[in-house]
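Trainee: Sequence:
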Amino acid sequence: MKQEKATPPSRPRTRAPMAARRRDSTAPRRCLALLAAVLSLAAWPTAGMSRTPRGEQVHVLKVSGIVTEITANRITLQPTKGDAVTVTASRDYTDEVAFGSHVTVNYVVRGPVNVLQSLTPPLETLFVPVYEIRQEIHSVIVLPRSRVEGSNAFFTAMESYLRSQRRWDVKPRVLAEEAWRYASRSQSTLNLINPTTGAVDISRYSASRGHLMRQIAATTRVDAVLDARLVIHPALLHARRRLAVWDGAREFAGDRQGLDFGRLALFPIRAQIPATTLEVKLWDVQGKPLWSRRRGFAVLYVEEGLLDKLRPRPLAEALENKAEVDQWFSSFFRPLFASPEPASRHAPRR
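Heads up, the sequence shown is in numbering that gives the first Met the number 0, so the first residue is 0 and it goes up one at a time.
Keep in mind that the hints were calculated from the coordinates and are not lab data. Among these hints, one or two may not hold up.
Below, in silico cross-link-like pairs of lysine-lysine (DSSO-like), each with a Cα-Cα straight-line distance of 30 angstroms or less [said to hold, decoys possible]: (1) 170 <-> 321; (2) 80 <-> 61; (3) 287 <-> 170; (4) 321 <-> 308.
Build out the structure end to end from the sequences listed, making use of the hints.
Mentor: What follows is the structure, encoded as structure tokens:
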């Protein structure tokens, strides 16, 4: 006779005590409170480690804030919390950062001096009120600079947009090239060296750059010089969404369409791919910066097929759709043309 194997009796299921269940229910709230506390400390200077060329470890502090004072070699910014921080810079940032700009700096403390290591400038900077640019600038010359293959077609499209859509009188590019060569010949790097220290004087370098733009504007007889650079920057590619993000731009870089880009931060970053970014700076006839902006234009690699292979994407492919390209230029230059004018059209220039 075959005997059946006895099974142990199952233990009765009991409910946890009320106090334990209450402790478990407060866990999510404790996590949210901890997260809020961490985010509230984001405005305070944070520390990291770095190494000097000699291999010594130094503490690198990071702080974000509003620029309250800027000179050729010093920047003072006010964080959201805490005291103002003043850093000493080895080069001039006055043509990149304006009073009131929000920037992030990394610096090290060397005795009584905070030495700037790196600065993240804002995506856009206005050095004068925008209505002054709209009133005074009617003719420009584009000074293109790029090592990206196919960049000539990009700058041609930008000049065509400014002529047709914004009614700017854009001078031929050949004049810009001739004016650049003529002005560059009159500039000497020896004039930038301080004879006492033997090092490059950053204040002289800034003045030399402004003098170069002033010469180009005088030679071509325009109201402003549009210094434009098309460069390659890395873009962060999000795996699930096939979405590349860089320099204030987002572009779909996969073979699936109709995706929701709203919850971008919830998806992990998969890789970095090269992308193009336009950096422009508008100079007046006196060699003073008026406006600067940078923004991503197009990725140079896209995913293809089901195996997530990357293929090169030439810049010419991104320029094929003229309507989309003009829409991108419209968004890029909108701050100069879409802002309302002030009540007083003759407000004094700061």
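Trainee: Would you check the hint for residue 321 and residue 308, treating anything up to 30 angstroms between C-alpha atoms as holding?
Mentor: Holds - the C-alpha atoms of residue 308 and residue 321 are around 27 angstroms apart, at most 30 angstroms.
Trainee: Given the hint that residue 170 pairs with residue 321, test it: the Cα-Cα distance must not exceed 30 angstroms.
Mentor: 22 angstroms, holds
Trainee: Checking one constraint from the list: CA of residue 80 to CA of residue 61, max 30 angstroms. Satisfied?
Mentor: 13 angstroms, holds
Trainee: Residue 287 and residue 170 were given as a pair; does the straight-line alpha-carbon distance stay at or below 30 angstroms?
Mentor: 20 angstroms, holds
Every hint from the earlier list agrees with this structure, and none is contradicted.
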